[in-house]
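Participant: Residue strings, one per chain:
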Amino acid sequence: MASATSRPLEYLEGLPGTTFYKLYQQPSTALAIFRRMLPDLAKCFVMALLYLKDPLPTADLEVWVNSESKKERDNALSILGRLHILSTTLTSENVRAYMVTNPFAASLRQALMGAEDSHSFGVFSQAPEHTLTSIADLDEYARRQWEGVMGYMVGTSALSGQRDAVNLSKGVKQLLQAGHLVEIRGNRVDITKDGFGFVLQDVNTQVWHILILYVESAEAIGMDSVEVLSFLFLLSSLELGSSYDKSHMTPNQLRTLTDLADFGIVYQEDADATRFYPTRLATTLTSDSSALSNPVTGSLTGPAGPSGGTGSGFIIIETNYRLYAYTSSPLQISLISLFTNLKYRFPNLVTGKITRQSVRRAIEMGITADQIISYLLSHAHPQLRKHSAAQSNGKGVPASVLPPTVTDQIRLWQLERDRLRATAGFLFKDFTSLAEYQAPCQYAAEIGVLVWKSDRKRMFFVTRHEQVAAFLRSQKVGGK
Amino acid sequence: MNSVDASEHYELGATDLSPSLLTIIIDTNPHAWALLEDSLPLSKAIANILVFINAHLACNYANEVAVVASHSQKAAWLYPSHNAPRGPSADHDGDVAMNGATDAQLPETNKYRPFRLVEEQVTRNLKELMDSTTGDDLRGNMSTMLAGALTLALSHTNRRTLAWAEEHGGANAEDTAAEGNGNGGTATTRYSASNEDERLQSRILVISVSGSTDAAHQYIPVMNSIFACQRLSIPIDVCKLSGDAVFLQQASDATRGIYMALTEPRGLLQYLMMAFLPDQRSRRHLVLPTRVDVDFRAACFCHRRVVDVGFVCSICLSIFCEPPPGGDCMTCGTHLEICDNAKPALLPRKKKKKKRVNGASGTGTPMSTPTPGP
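The listed protein sequences correspond, in order, to chains A and Z.
To convert a position in the first sequence, counted from 1, into the working numbering, add 124.
To convert a position in the second sequence, counted from 1, into the working numbering, add 923.
Keep in mind that a hint or two might mislead.
Said to hold, decoys possible - Pairwise CB distance ranges, derived in the manner of DEER restraints: (1) R1083/Z - R543/A: 46 to 52 Å; (2) N1147/Z - E137/A: 30 to 36 Å; (3) R543/A - P1212/Z: 37 to 43 Å; (4) D184/A - R1189/Z: 54 to 60 Å; (5) E1051/Z - A569/A: 40 to 46 Å; (6) N190/A - G1249/Z: 30 to 36 Å; (7) G1190/Z - L544/A: 54 to 60 Å; (8) E1051/Z - P375/A: 45 to 51 Å.
To be verified - Negatives, chain A to chain Z, calculated, CB over 10 Å: (9) R197; (10) L362; (11) N472; (12) A569.
By construction, these hints were calculated from the structure, which means they are not laboratory data.
Bear in mind that the values here come from a model prediction, so they are computed numbers and not experimental data.
Every residue, glycine too, gets a C-beta built ideally from N, C-alpha and C.
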């Protein structure tokens, strides 16, 4: 699963079951979670079970999946279980069987068949349009606001001298501070280690990160986090370029809307306007990052001038560690300068070189090699992609977009410094027999939670213990 | 040198999975649907198919769908409508007005907008198609324009694949096409191995009701479409509600698609959801319903009859149900020496060959598997 998916997924997993129950009442939420959070195979399972009258016996499901794909199957089932989408019951013949849990199943069915009236997919504004807001305007607005937020964090205002007319509201600044992305010392804004990691992520991940921070902080200012969360999922199912009516909304939703407008996720002419427009940042929330990378990052992070949006990426990197970035955006230049020694700057191009020193400097600031590489990858110039596609033709292995020498070296430079990695988790030990040890260990590996194991000491270490424990229990029952 | 290194380091690239394009060919032959009226009327089937389309669109933000009607006298687009510029805002003249009207009347019919756009267009176009069908069209015409529909689906798929590749700067479509022409034999393996995940994943689903035995006159164009799909590694899935489709069995067999003849047409939706929804990536992990005994019979070139045993021109491989008049092949004009004892001599050899290909199944000529090189 993409790194972009994991953060919202982790957050959702942490929620209690009752929250899920409330969330899944909304068809738009069910649809968004189905689309965004589940791996392919899990989607197949849900859809196959959705219109089935009786629960599907576990044995049948196991037969349905190839024997070689056991790992994928268990992974899919485990995610479905963690999100409270699939549950096991006993059929009349006392066989264990899977079924889709109810508020989710009903909502997803409603979403697919359209038989509902809860305004879960927004209500179009009926009021005549005074000023038509085009998609280009919305993109421009979203880009300006989002770059404003980024610029505030990185402190480009000092770098560029001139400042776009973006006034960040107090709420935005507080949210960034509460999320430990920036620290405010007196009048100065200092970006934190988390903040560095944040600014290098792709836009979709960043938006999710911010939204989750927002939901977390919503409780503190007296809003129901479930309501805010389902409103976010509602936003993600709206259509770009149309305006929606605000009159059906609750006060909390209106408040959320105003806050999100500061980030450029929605657009409204002013706080009292009767309608709002979702921007691309909102409508692509539940898309894959690949679907989003072109339209949004093209217009968001590409060259800020009118030529923006022509291509998806702007960075060319050569095997000799030289980097060429076709951008004039002060934000992008300052981001690149975090891990590159910049050498020349032209009106539409900056060049530089990635060196051991520059990468170490970045790593000392708390940026990881993976972040650098994923930044380079998500902003790679179309020419690089074309080249790698041409290389991969006719060979079994697809060539990477970035030169492997460079990515390997960046990782090696990180390894020079960083030799320990902490993983929070649970240790299973003191197994009486080898067989008793092997079964849960293998199971843990299959559901993808195993981090480390030692056959000799009969110990293994996992990131999540609930399912392994359940497995151990079921084994005990089976054994007796 | 890159390929040596690139295998395991870069999990990042592999996680961005490309969307899939599903083209559905609905056989709308009124004769066949009239026979199904009791168990599954067309309106109900369309409703089920629409839910299935929504499920497909729900799976991925960028998933696309196209619907073609294979009618009794022509093949027609149901979605997207090609007679007008594409896109929701700049659609048909009538389209925008109609959307506005429904919004005004029923503000509470609240549906995810992409779903509604597809549904409205499909139902409207289908209605237009049915209204334009006159009794004269149907008289004496029992078949369905499967070949035309398959060709439309293929050309649409090709266009979307090229457009998608261009937008994403990924796999260079022209390069792949050029290479595909170069070495026909390895084309399939190469597609499935290296850049399958980077392309737009496309597949075709045929919902078939009429028996294709009466469609034998379309044998050659249908087989050509099948070979094109095989070359492009586009699976043709077949969902058979009634009748028996000789060529469609071969189609799904040759393109490694799914063939299912429904015993209980009322359960159409569940069949669709379970068997036909998974895309190529998920299919790798699933055990899929396939047909073991594929009907490999061919249609002869002279009378379009489906034949078990026939005569094959040794030069151009044309099939004839009886020796061509004068011993001249009707396709390539080669003069063929046909002696009187040719028939008995041919029989045992054919049988042997057939056994090797598809086991102990009934009559059949093993002719659909090889891909003809250019």
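Participant: All hints are to be evaluated individually against the structure, with a verdict given for each.
Facilitator: Structure-based check of all given hints:
A C-beta distance of roughly 49 Å is found between R1083/Z and R543/A, which places it inside the suggested range of 46 to 52 Å. A beta carbon spacing of about 51 Å between N1147/Z and E137/A contradicts the range 30 to 36 Å that was offered as a hint. A hinted range of 37 to 43 Å for the beta carbons of R543/A and P1212/Z is inconsistent with their spacing of about 52 Å. Checked against the hint of 54 to 60 Å, the pair D184/A and R1189/Z fails, with Cβ atoms roughly 21 Å apart.
In this structure the hint that E1051/Z and A569/A lie 40 to 46 Å apart at CB is violated, the actual value being about 57 Å. Remark: the range hint 30 to 36 Å for N190/A to G1249/Z is contradicted by a beta-carbon distance near 55 Å. Distance hint for G1190/Z and L544/A: a CB-CB separation of about 57 Å, consistent with the stated range 54 to 60 Å. The hinted range of 45 to 51 Å is satisfied by E1051/Z and P375/A, whose Cβ atoms lie roughly 47 Å apart.
For R197/A, the requirement that its beta carbon stay farther than 10 Å from each beta carbon of chain Z is not met, with the minimum near 7 Å. With a least CB separation of 8 Å from chain Z, L362/A falls inside the 10 Å interface cut-off, contrary to its annotation. Even its closest Cβ contact with chain Z, about 19 Å, leaves N472/A beyond 10 Å, as expected for a residue assigned away from the interface. Remark: the non-interface label on A569/A is consistent with the geometry, its nearest Cβ contact in chain Z lying 17 Å away (cut-off 10 Å).
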